[in-house]
Amino acid sequence: MANITKEEIRKPENLVYKKTDLLTDKALSYCPGCGHGTTHRIVMEVLEEMDIQDKTIGIAPVGCSVLAYDFMNIDMQQAAHGRAPALATAIKRLMPEKFVFTYQGDGDLAAIGTAETIHACNRGENIVIIFINNGIYGMTGGQMAPTTLPGMKSSTSPYGRDTHLMGNPLKMTELVAQLPGTIYVTRQSVHTPSNVRKTKKAIRKAFENQKLNKGVSFVEVVSNCNSGWKMTPVQSNKWMEENMFPFYPLGDIKVNTD
Amino acid sequence: MKGNEAFAEAAIRAGADGYFGYPITPQSEVMEYLMAEKPHERTGMVVLQAESEVAAINMVYGGAACGKRVLTSSSSPGISLKQEGISYIAGAELPCLILNVVRGGPGLGTIQPSQSDYFQSTKGGGHGDYRMIVLAPSSVQEMADFAGLGFDLAFKYRNPVMVLSDGAIGQMMEKVELEEQRPRFTEEEIIKNTPWATTGKTKNRERNIITSLNLDSAKQEQHNIDLQKKYKLIQEKETRYELINCEDAEYLIVAYGTSARLSQKAVDLLRNQGIKAGLLRPITLFPFPTKAISELADRVKGILTVEMSAGQMVEDVKLAVGCRVKVEHFGRMGGIIPSPAEVVEAMHKKIIGG
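These protein sequence lines are chains A and B, in that order.
To convert, note that position 3 of the first sequence is 3 in our numbering; the numbers rise steadily by one, no gaps.
Each position in the second sequence, counted from 1, maps to that position plus 1000 in our numbering.
This is chain A alone, in the form it adopts within the complex:
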């Protein structure tokens, strides 16, 4: 191995990784260290591996991933803040043979879009919802989100979230798992290679579930926001493990796909 040349490494037969064609060549707009880029990649890899990119419609939210359509090389719609599940409902009902997914942050899905999320899940729309939860409004500069932890600092809870004054964090994933219209509800992360593999498996399962025509598959990805949390990427991942995971434990919450 020591004598292998660059030319040999670049030979197609020695290739161990290639960026999926379903990601465009545009440089990601996300902060270095953020989990969005990884999650984008694995969603696109899943579509490519299932060979369903030509019949998939994605929906971008309002938030950091508002420009997801710049990076995902598939047909996409950009939704008003919080309304992605309403768009997805109509798209899937009007074109039941297509694969439809929303990609939403916690402000979008768990605050302004609570009604759309709950009702799409309760009706059992045959869609995939990918929910990136970083406990903060990243795009607008680090304000308190519905998912901000008790005591956690943000630009609108500068002394920490006081639950008596500001209310409690909302566990949307546990909430939607209670609804009859969800068939698969899971919480994952993308901060280590092994977690990336687990999340990819979960997202693959979620898209496979659309073939069952039985209801919503809901994949939460607990993510970091190193800029919003004002930490280095490494620090933020450690902080996430120590603080976010105890409150938002990883793993399947509901698997009802039989």
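Please note that a few of the clues may not be correct.
Simulated crosslink set (DSBU-like; lysine-lysine; CA at most 30 Å straight-line) [said to hold, decoys possible]:
| id | chain 1 | residue 1 | chain 2 | residue 2 |
| --- | --- | --- | --- | --- |
| 1 | B | K1203 | A | K200 |
| 2 | B | K1156 | A | K98 |
| 3 | A | K201 | B | K1203 |
| 4 | A | K98 | B | K1301 |
| 5 | A | K211 | B | K1192 |
| 6 | B | K1203 | A | K18 |
| 7 | A | K19 | B | K1203 |
| 8 | B | K1276 | A | K55 |
Here are some of the chain A residues that sit facing chain B, going by a computed Cβ distance under 10 Å [said to hold, decoys possible]:
| id | residue |
| --- | --- |
| 9 | V16 |
| 10 | D25 |
| 11 | A27 |
| 12 | L28 |
| 13 | C31 |
| 14 | I52 |
| 15 | Y69 |
| 16 | D70 |
| 17 | M72 |
| 18 | Q78 |
| 19 | A80 |
| 20 | R83 |
| 21 | L87 |
| 22 | R123 |
| 23 | G124 |
Read the hints as simulated data drawn from the structure, not as lab findings.
Note that the Cβ used here is the ideal one computed from N, Cα and C, for glycine as well.
Since the structure of chain A is provided, determine the placement of chain B on it from the hints.
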């Protein structure tokens, strides 16, 4: 048929792919009729009761972005809730049909008919510089006709079309002739006719993105310039109005919808009194028949607008007329429909003797 039912039946026959709504008086018959008709069996049309007006208009956005013929209906407070979605639809240039069966406001107001949403419908309502094409039916027949016409205009210009009715037209029963069933678009037709639609990115084309976002101000300005060009074209091509007894008219009434019906009666009463009255009925409120009103302003002695509002359309009539002749407004508010006799009296007091 009731106006609301005629609209619903006409929407099915116009080849609608999807209806998304939320109950509100006085338009709930639209969704009730659709559900009872089982259009999913008749034509394959999707009908869904949404969790809110907000969700319903965003379902319309999602469906329209797929090149489907989709519609929603509501009444004034519900239409207010839809404004964000309408702005996004206008910004993303999506075709769709929105029925507003207007009731009196502001706030929860009344369930009785009104025309107090003229400003909201014709001047924007939501944020940003945009226009809807606004069709104002004055009969059950037009409630039916404007479903098909509305879809045609929406797709011709990639623009939201509003049918601005009111509680009287929506609830009244009249005979109606319906068009034959049009087939729904096939996927092949959608791909051919609306190549921008998100139908799934195939290898032979670039991806389709439906968005109203342009973070580059120069691009967003250009988008606005293009929208304004489209609206100007709509003003040139799509202005519709009806003239009744205007050939020799000395006094003109301008009124749309329910007000036009009772104003037509008022014209007869005035003519019986020997007064040469005429009626101009705008059928499109945007584009507004500015040119027709301007031409009549050169021939008449005074103009009365009749609206079930505090006077909204009167501003557009005044803009068309300038200071050439007197323009006054007469109206009732809060769900009251004025009588033709009241209109005659107003013409005497405000215009002829004023």
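Cross-check of the supplied hints:
{"no.": "1", "hint": "B:K1203 x A:K200", "in the structure": "holds, 25 Å"}
{"no.": "2", "hint": "B:K1156 x A:K98", "in the structure": "holds, 26 Å"}
{"no.": "3", "hint": "A:K201 x B:K1203", "in the structure": "holds, 26 Å"}
{"no.": "4", "hint": "A:K98 x B:K1301", "in the structure": "violated, 62 Å"}
{"no.": "5", "hint": "A:K211 x B:K1192", "in the structure": "holds, 27 Å"}
{"no.": "6", "hint": "B:K1203 x A:K18", "in the structure": "holds, 19 Å"}
{"no.": "7", "hint": "A:K19 x B:K1203", "in the structure": "holds, 18 Å"}
{"no.": "8", "hint": "B:K1276 x A:K55", "in the structure": "violated, 64 Å"}
{"no.": "9", "hint": "V16", "in the structure": "violated, 26 Å"}
{"no.": "10", "hint": "D25", "in the structure": "violated, 13 Å"}
{"no.": "11", "hint": "A27", "in the structure": "violated, 15 Å"}
{"no.": "12", "hint": "L28", "in the structure": "violated, 15 Å"}
{"no.": "13", "hint": "C31", "in the structure": "violated, 17 Å"}
{"no.": "14", "hint": "I52", "in the structure": "holds, 9 Å"}
{"no.": "15", "hint": "Y69", "in the structure": "holds, 5 Å"}
{"no.": "16", "hint": "D70", "in the structure": "holds, 8 Å"}
{"no.": "17", "hint": "M72", "in the structure": "holds, 8 Å"}
{"no.": "18", "hint": "Q78", "in the structure": "holds, 4 Å"}
{"no.": "19", "hint": "A80", "in the structure": "holds, 5 Å"}
{"no.": "20", "hint": "R83", "in the structure": "holds, 4 Å"}
{"no.": "21", "hint": "L87", "in the structure": "holds, 3 Å"}
{"no.": "22", "hint": "R123", "in the structure": "holds, 8 Å"}
{"no.": "23", "hint": "G124", "in the structure": "violated, 13 Å"}
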